[in-house]
Amino acid sequence: MSAGWTFDRERIRVFRFLSARYDAESGIARLAYAFDDGPELVETLGFPDAPPVRDAARVAAALDLVHWIAGVSYYKAAIPRRIEFASRQPEPQALALLDQVYSDGLAEFAWRNGLDLRGHLSFAESDQPRSAGAAAATTVDSAQGDPALSPALPRRSLVAIGGGKDSLVSIELLRSHGEDMRLFWIGQSPLIAAVAARTGLPVLNISRRLAPELFEFNRLGAWNGHIPVTAINSAIGVLAAVLYGYDAVVFSNEHSASAATLETGGRSVNHQWSKGFAFEQAFAAVVQAAVSPQLDYFSLLRPFSELAVTARFADMTAYHQHFSSCNRNFRILGERPAGRWCGECPKCQFVFLALAPFLPKPALVRIFGRNLLDEPAQAAGFDALVEWQAHKPFECVGEADESRAAFAALAGRAEWREDALVKRWATHIAPQLPASAALATLLAPRPGHAVPERYQALINAMPDGRAPGLE
Amino acid sequence: MIVQPHPLAADAPWVVLKFGGSSVARVDRWRNITALARQRREEGARVLIVVSALAGVTDALAAIARADDPAQRRAGAEAIAQRHIDFAGQLGVDAALLAPWLAQLAELAASGGQAHEQGHCAWQAQLLALGELMSSTLGNAALRQAGLVSRWLDAREFLQAEAAPVEAGNGWSRWLSAEAARDSEGDPAMRRQLLARQADIFISQGFIARDGDGCTVLLGRGGSDTSAACFGARLQAQRVEIWSDVAGLFSANPRQVPGARLLQRLDFEEAQEIAFTGARMLHPRCLGPLRRAGVPLSIRDTERPDLAGTLITPEQPDAPPSIKAISARTGITLVSMETAGMWQQVGFLADVFAVFKRHGLSVDLIGTAQTNVTVSLDPSENLLDSDVLAALCQDLANHCRVRAITPCTAISLVGRGMRGQLHRLRDVLAELGRLRVHLISQSSNDLNLTFVLDQADAEGLLPRLHAALIAAQAMPAEDDAVFGPSWGQLYAGAAAPASAPPPWWRDCAPALLAQAGQGTPTYVYHLPTVRVQAQALRALNAVQRWHYAVKANPHPAILRALAAEGLDFECVSPGEVQAVQSAVPGLAPERILFTPSMAAPAEYAHALTQGLRVTFDSLPSLSALAPEHAGQAIALRLDIGPGRGRHAHIRTGEGSKFGLALADLPAFMATASARQVRVETLHAHLGSGIADAGHWREVGVQLASLAEGLPHVRQLNLGGGLAVPYLPGEPALDLAAVGEHLTQLRQAYPDLELWLEPGRFLVAEAGVLLTRVNQVKHKGTQILIGCDAGMHTLLRPALYEAWHGIVNLDRLDAPPVWRADVVGPICESADVLGEGRRLPETVAGDVLLVAMAGAYGAVMASAYNLRQPARELVLDEGGFR
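Chains as they are written, first to last, in the numbering used here: chain A, 46 to 516; chain B, 3 to 883.
No wet-lab data here; the hints were simulated from the structure.
One thing to keep in mind: the hints can contain errors.
Computed, partial: chain A to chain B, Cβ under 8 Å [as the list claims (entries may be wrong)]:
no., residue
1, R133
2, P137
3, P196
4, P199
5, R200
6, F260
7, E261
8, N263
9, N269
10, A408
11, V410
12, R415
13, N416
14, G457
15, E463
Computed from a predicted structure; not experimentally measured.
Note that beta-carbon positions come from the ideal geometry of N, C-alpha and C, so glycine has one too.
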């Protein structure tokens, strides 16, 4: 690091990948980055029980992927036009993936900050001599070998758990299928820990610590905003699968995650880009080519709508008083529903609305501790969900069709139709919209998924329109 | 060896002692049980002990009943058998005594319920009964081993259940939730039969009875209490004693209200009402037999036999009306039925209630209007697990417009003579009036007044209402015959000593009297007490900065003392800033937090220029900031409402003027960014007098989760409001618990500093007001003590109806024979310092001391009526200054 260097986002020219190392002794991975000749920014990942390296080439390839993708958290602080690799240079396929992660994945960030990143950045090999530290760029990079010839990964799944309904639906589907699995999540989250404990399955909590300099950069005016966090978590999941020995990394992103939140000036901005199918396919292909052809990365819920997943979750009553999809990340949980649900964000609003057709009203309001559909002050939030005089919120919520269908179902039910926002829907909004799709039609599986053949039975096990109160 | 005490007369009274599962599952508790039985016998009573199954055994038996797999049932039965054999070993009694029950257990588990000739429920009743049969068998052996002449009694011999109703469908109510028959009550034959068995101590089972055919049935939830009550009624006992983990019934659920007071005396109707409205301690069913038989019921704590507990007796004819308890039941659903067609229409109610009956739903509260009927449904498994509410509403829609309002909370005030208390409920009604109240119901027996409101609104409400009831004397907490110690005092452990240390002024009475001789009214501030409070706060390591809220008391000596203790300052006006700066010259400007309310833009700008930390709470104040402040850090006060997830309508309604609405946060941040100032501190302050130790953690969690989207935030200012106990019996804030909560917060968010800004907590107790009695006036039965301090000296009683302790400093140890109103010399009817106070006989010239007057006392004084302000004196180690 050079003395006297200070962060000035306007003057920064290059973002550099310095090195990535995994230390099997401590189970700690260190990912190093820098802006220009500024200080080394070191992110650390902690893998519990320090798994040994069984196949150095595979670990190195997965570690590189994590290094490259996780860099987006730092890159976005200054968004320089040039990105250099002092570490190993990605293959063209991986480079194409990175190009998407650093542009499409930052589309919302850019839009909110009034920036346009299309055609903005270029990747290059470093033109600076490698420093002594960077010589050992990736710890295990000396190991050579054809990944295809490496020992087989065991037939079992590493499943991402998020504390919300989606991953729980996946987990219970897999359990019913007799799958050998372990649940993983990244970082400290008492909610996820509590929900994971309720499943009774083995868990893997990977720790992640951002470079502390990033907080200082923030103070000095760094750009800030949404990053494609699912891409980062996916890469860490793949590294974990290689380290601990799993041949599948399972996520739980639905069909609707692929839909753009906003189309503007020829750009489509999708808040959930890294939860979408395009990322899933591109990432899975890079994993198979660069890490291991045996390693499947996919989203089990891809064929399903939010509503279909919610309908399934409605039956999983054992989790109802424990889960939360609220995006206010409460790092400490309260006993009461308000300790898990803020009750006012788009996620709370959508999950409430989507569950309503499938649960007895007293059971639903018990989850949230209140009835969001009888709170006139929340009208604007629900309007955005049905895209009425508003665009869909920048949140992981279902498509407008699904919200509309749920409202339409409730408007036909005596215990709901007098509630302020249901009534508002029926009298003011529905007459101005085309007829809503029937709830049942939205529960059917959709085409376009990459779920491996061996899980087909699970897709058939999902609900298909047997919601109560639907004829 | 067995020692025979002197024999009892044939008409010696009976006492029934009932012990629950946690009491009978521990060896040391059996020593207590034995000692109690021996003590009652020595007092001249015959004793019947009724026991539950060992803790957890009924649940384990129920799990066997649910298991379809014979292997699983067998494993469960073996575990239960082993537990009892082990426990016999611990008690040192012969496990072979259990043999007949263990054989039955194995047999029932092996056969399963499906094959049982009388059905699954009958089998389950037999299975579950084994818990009590085994615990009482072991208990009898333990009693005998301790030298008591005791006999085992099969409850089924004497307790018979009501004949099952004909329509009882699956047998659940017949076998598993039977009612004890009334003819089990008041039966001299049972006394005679037991007399013939030549023992003075018997032990029997709770929960189980026989039906008309002699088969085993269970008495349902709370069944053991019911058994004890039935035995007590049948034996015409002198008393039934229920021994459990808690000393008795409390004036509120102690988990929600740590200041809830032990209710030492209740009548049956009041107790029944308290049990109905939520006290889990006691099943309402068990009171009926005792009330009819006139047998008193006493609730006691097995661990603390020294505590008198709750004694429930027939109504005392001369008992004054009063509120005894407040409760909250959540998960209530209201069904509102509206139609113009019901006006003067014959049979409308019959029609709609028939729908409720058809769906098997029992209605609790009812409110009616000309065109609307609203009823409440208690939460039941049925409502939660099935679509019964949807079906009900669908059917009701044929008769009227229907609306299902849920989730609601029912808040009940319980006590005798509710209608005579209305004038005292002003503050309670004011508190409820700000919330969404859907239904008010006053019970026709005048024992309760219930408010049904949105469940989210009711969170955290109970402690405030409980305090308001005490302050308004609607709940006469100083009547120590009825209101015992608070739960906090009894059970909060070492953190809250059972008896608070005497206040500092007790030892200084002569010196204070001498000072009063120099002139009154006079405020006296005791600096050592200020320091003790400051040190107690500073000991909480989770908090990085403590700011003294100067508005509580800006006396320079106090400011200096607190600066010396390392506290920073929170000021709300330039005047306060100046007061701090002149009292503590050279104080670094960043140790002053400037948090004005609705002040002129120049005040903010000036404070920033001085280098103070400045809190903003509105967009206009920030927008008005000049470019020269670019680069500076500010704090933002947010209105996060009264709790996590509370309703928007409370937040934005007729709420307070303080704080930025959450909805305006994005606009505020955009303006901050445009003005190039960094929001480094998030602040929220939710009110004062907060005794809930978890409160500041909750505020912090709220702010921290908001801070995740705000990259510059470094500190969370969690406000103040740390309660001090003004009222007698009010538990002190558990500071250690506050510290634990904040440590958790700090661990979850290590990058964020925690700041607090207490005022009252530091100075209230340190200050007293000395005032001289001008005259004493008798008006009918009313006694008025007029003194030279009034609302111009101490405004809190007049402004907030605040309660301050008042003592006669000249007669500290005289008996309090008067109930008098202490008033001031101001021409205002609100000029009252204390209403209905217990004081000794007082004469003109006596000096009264008004306690806890160090906060918001002299600083809120006025010159109203052009009367002189009080003097202010400081008392330190070296004497008065």
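Taking the hints in turn, this is what the structure says about them:
1. A cut of 8 Å between beta carbons decides the hint on R133 (chain A): the least distance to chain B is about 31 Å, and the hint is violated.
2. Among the interface hints, the one on P137 (chain A) is violated; its C-beta lies about 35 Å from the nearest C-beta in chain B, farther than the 8 Å criterion.
3. Residue-level restraint check for P196 (chain A) is violated (minimum Cβ-Cβ distance to chain B is 40 Å; threshold 8 Å).
4. Look at P199 (chain A): its Cβ only gets to about 31 Å from chain B, farther than 8 Å, so that hint breaks.
5. Against a cut-off of 8 Å between C-beta atoms, the interface hint on R200 (chain A) is violated, since the closest Cβ of chain B lies about 29 Å away.
6. This hint holds: F260 (chain A) has a C-beta 7 Å from the nearest C-beta of chain B, less than the 8 Å allowed.
7. Restraint check, E261 (chain A) versus chain B: the minimum CB separation of about 11 Å is more than 8 Å; hint violated.
8. The beta carbon of N263 (chain A) comes within 4 Å of a beta carbon in chain B, closer than 8 Å, and the hint placing it at the interface holds.
9. Taking 8 Å as the C-beta contact cut-off toward chain B, the hint placing N269 (chain A) at the interface holds, the least distance being around 5 Å.
10. Interface restraint check for A408 (chain A): the shortest CB-CB distance to chain B comes to about 5 Å, inside 8 Å, so the restraint holds.
11. Annotation: V410 (chain A) was flagged as interfacial toward chain B, and the flag holds, the nearest CB pair being 4 Å apart, inside 8 Å.
12. With a cut of 8 Å, the hint placing R415 (chain A) at the interface with chain B holds, because the nearest CB-to-CB distance is about 4 Å.
13. The interface hint given for N416 (chain A) holds, since its Cβ lies 6 Å from the closest Cβ of chain B, which is under the 8 Å cut-off.
14. Given the 8 Å rule on beta carbons, the hint for G457 (chain A) is violated: about 10 Å separates it from the nearest Cβ of chain B.
15. Proximity of E463 (chain A) to chain B holds as hinted, the smallest CB-CB distance being about 4 Å (cut-off 8 Å).
Hints 1, 2, 3, 4, 5, 7 and 14 from the earlier list are contradicted by this structure; the remaining hints agree with it.
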